[in-house]
Structure formats: C-alpha cells, structure tokens
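**Q** Numbering-wise (our numbering), the sequence shown opens with residue 1 and increments by one.
Everything labelled a hint here was simulated from the structure, so no lab data went into it. On a predicted model such as this, the values are computed, not experimentally measured, just so you know. For each residue, glycine too, the CB sits at the ideal point set by N, CA and C.
Per label pair, the in silico range of CB-to-CB distance:
#, residue 1, residue 2, range
1, S110, L20, 38 to 46 Å
2, I178, E334, 47 to 55 Å
3, R375, Y15, 42 to 50 Å
4, T395, D313, 20 to 28 Å
5, Q285, N366, 37 to 45 Å
6, F345, N259, 33 to 41 Å
7, R375, F18, 48 to 56 Å
8, E78, T14, 41 to 49 Å
9, E38, K164, 17 to 25 Å
10, F166, N264, 47 to 55 Å
11, Y15, T114, 50 to 58 Å
12, K45, A141, 20 to 28 Å
13, Q338, A26, 48 to 56 Å
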Amino acid sequence: MKHSIKKIFLNLNTYLFFVLLVSFIAMMLTLEQQLSFEKVNNLNKQKMIISSLTTLKKDDIELALIQFNGKSTQLHQEIDKLRNIYKYDYSDKYIFSNSKEYLTDLDKLSRLTTAFNNAAHSFYVDTKDQETRTLAQKELATAFANITQHINNMLIKNIEYSQKKFNIIKVATIILFILILLATLWYRKKLFSIYKDIEYLYQVDKSKIEHDIYTLEVDAISMRMNRKNVTTDNPSMIDPVTGINNNKGMLNSYSNKKNLKDSNFTSVTVIEIDNFSKSKRAFSQEMTQNILKKIAYTISLHEQAIDVIARTDYNQFTLILSRVSKEQSFKDVELIRQSIEELKFKTTDRGPIVITVSGGFIIKPNNTNLDEANRQAKEILQYAKSTGTNRILQTRDMAERHM
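Work out the full structure: start from the sequences and follow the hints.
**A** What follows is the structure, encoded as structure tokens:
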C-alpha cells in the first residue's frame, strides 16, 4: 500500500504542533517551579524579619520604633507578595486543588503577624515597670513561637506540594518522552522513504535500480516520466503524430491514475482546433503535423502528475484534469486555450497565422463514467462552436441557453 506525502506532512504538522505544546507546558511548569523557590525565599525572609524584631535595642527608643514600624509593615507586604505569586501557580490551583488550604494558611499568617506586631509593640513601648515588661516579653515569645511554627508548617507543605507535583510530572515526562521518541522514529522513517523516492526520481537510468516506490505522488510522477518507455512498449496507445495518448491510451492512463486523485475534482474537457478539419484541409501535411505537435506540447506543459491528456480525433484533444477546486480546473483549461492562441505559425504563402481552439468543459461526478462525461463535454463543445470560436464553455453556459 502506497502512502500519500500530503497526509504524511499533514500528520507531521500536527505532531510538530503537539511537540510545541508539550514544550510550552514544560516551560510553564519550570516557571511554576521558580515560583515555589520564591515562596520559600519569601517565608525565610519573613522569619529573618521576625527574628530581628525581637532583638531591637531599647537604648534609643525612637530609633527602635522607626525600625519596628518599617519591618512590621514589610511583613504584611511580604504576605501580599505571596498572594500575588500564587495567582500564577495554575497547577496548584486547578490540578492539585491546594488553593483553599494555601489561602487559609496565608490568612492565618496575616493574623499571626498582626498579633506578633502588637506583642512586639507592647514590649518596646508599653513596658514601664518590670512586671509589665516580663508579661510583654512572655507574650512576645509566645507570638514569635506561633508565627515561626506556622511559617515552618507552610515551608513543609510547600515541599509536599512540590513532591506531589514532581511525582506526576515525572510519570508524564517519561510517557511523553516515549511517545515523542516513537513518533520521531516513525516520521524519520517516513521522511527517509520520501527522500529515497525523490532520489529514485533523480536517477537517470531507473531500470538499473531496484526500488519499491513508497508514496502515491512519486508513483504518479514516475508514471509520467516513464511515458516514453510506454511508447515503446505499447505503441498502440500513443498518437504517432503528437506523441501523447490516443483514445485507447487515454482510457488506460485514466484507469491507472483514477485512484491517485484523492479528494480532488476531476474535469473532462474536449477542445477542438477552430477551422481545422480533415475534410477541409487548409494547410499542407507537414504544416498540419507541426500545428498538432505544438498544440500537444503546449497542453503537456500544463499537465500534472495525475492528469491525462490525449489526442482523440483528427482536430480534437481530451483533457482530464484533477484539481483541488472546480474553479482552478476551469482556470487551467482557460490558460491552455490562451497559451495555444499565443502560438505563432509561419507559412510561406499566407504569412503568420494564429490557431485558436474551442472547448466543452464539465466536472465529472463520481457516479458518472468517463464515456458519459466525454459525451457531455462534446455536447457543450458543439454548442461552443455554434456561438463562435476561441472559447471554452461549461455546463452552466448550456443551462443558460435553455432559459
């Protein structure tokens, strides 16, 4: 079974997007890990500030109050920083559901900080006698122990959060690595096979190379490139004047290529050289053959790998094109007509002459065989000839005739 390069690259595009998404998630988790470090640093910083508030010198009470006010305010600011940091900790909030517990701990920390600040303020300001000082010192020690214990608990919980996150990330990373490794090896094999197909096409003498073509597109191109070999093997399928398919060759080529058209639209166009008939020959045999050869060559310049072109009558050519849209197919047929019109032929007795063609174009439905599509295209051709020359008409033009 041959594979489509188009499908391989579409899947490769999806795979690369998946790798990009995984990389983005890994980056976000790394940044979240940095947030965990910032939490730890913040809590340790609060412990240092709290410890320093218990050792202020009371010799200069005014200086001690200034230091106290600044550091006590800083404690609440550090708690606000923890709240802001947590806004970006998406995995803790949405995956591990630690939001409620963490915010409750922050609220408790805020209350303990306020209690500690009040106790410290009483110790430094409101202690006028020894009894009051001793009582304030005990309250400060209790507040210090409570807030320090709570911060230590938050640090331990942060470690537990990080451990849970790490365990899940570890398993997910191993699974993703295996998937990406297998996909990479698979696509490496596919791309290498495509490269071998291209390398095969590049070789001059393919008959000396043993190669099983892997892709549909290369197979179709190879068939087109080997068309001259078909001339030698099956001369009955080739028009002897133009070197392209005759009617028999057209049917054979279409039968071989119709399965390669994927989801494209198939059009059938029959074009006829204007004022150029077998019964009323306007040119010598040599000139006639020269015209037919140049027209066939011009048509072949627009031929793609899965197209079929043929000379099916004395002055008629049949074009079976496969394109991604109906509009593109008709546009290419029009381009062929214009290219033929631009050909210049010189005669000794009549000077330069211009050759034009008229044609009938249809989009072949999947449930219609080639003979029926060809018949409909010829019917449109006859109508085109009755309305003038040098024009390609299609089904809708016939419909307008009956309106």
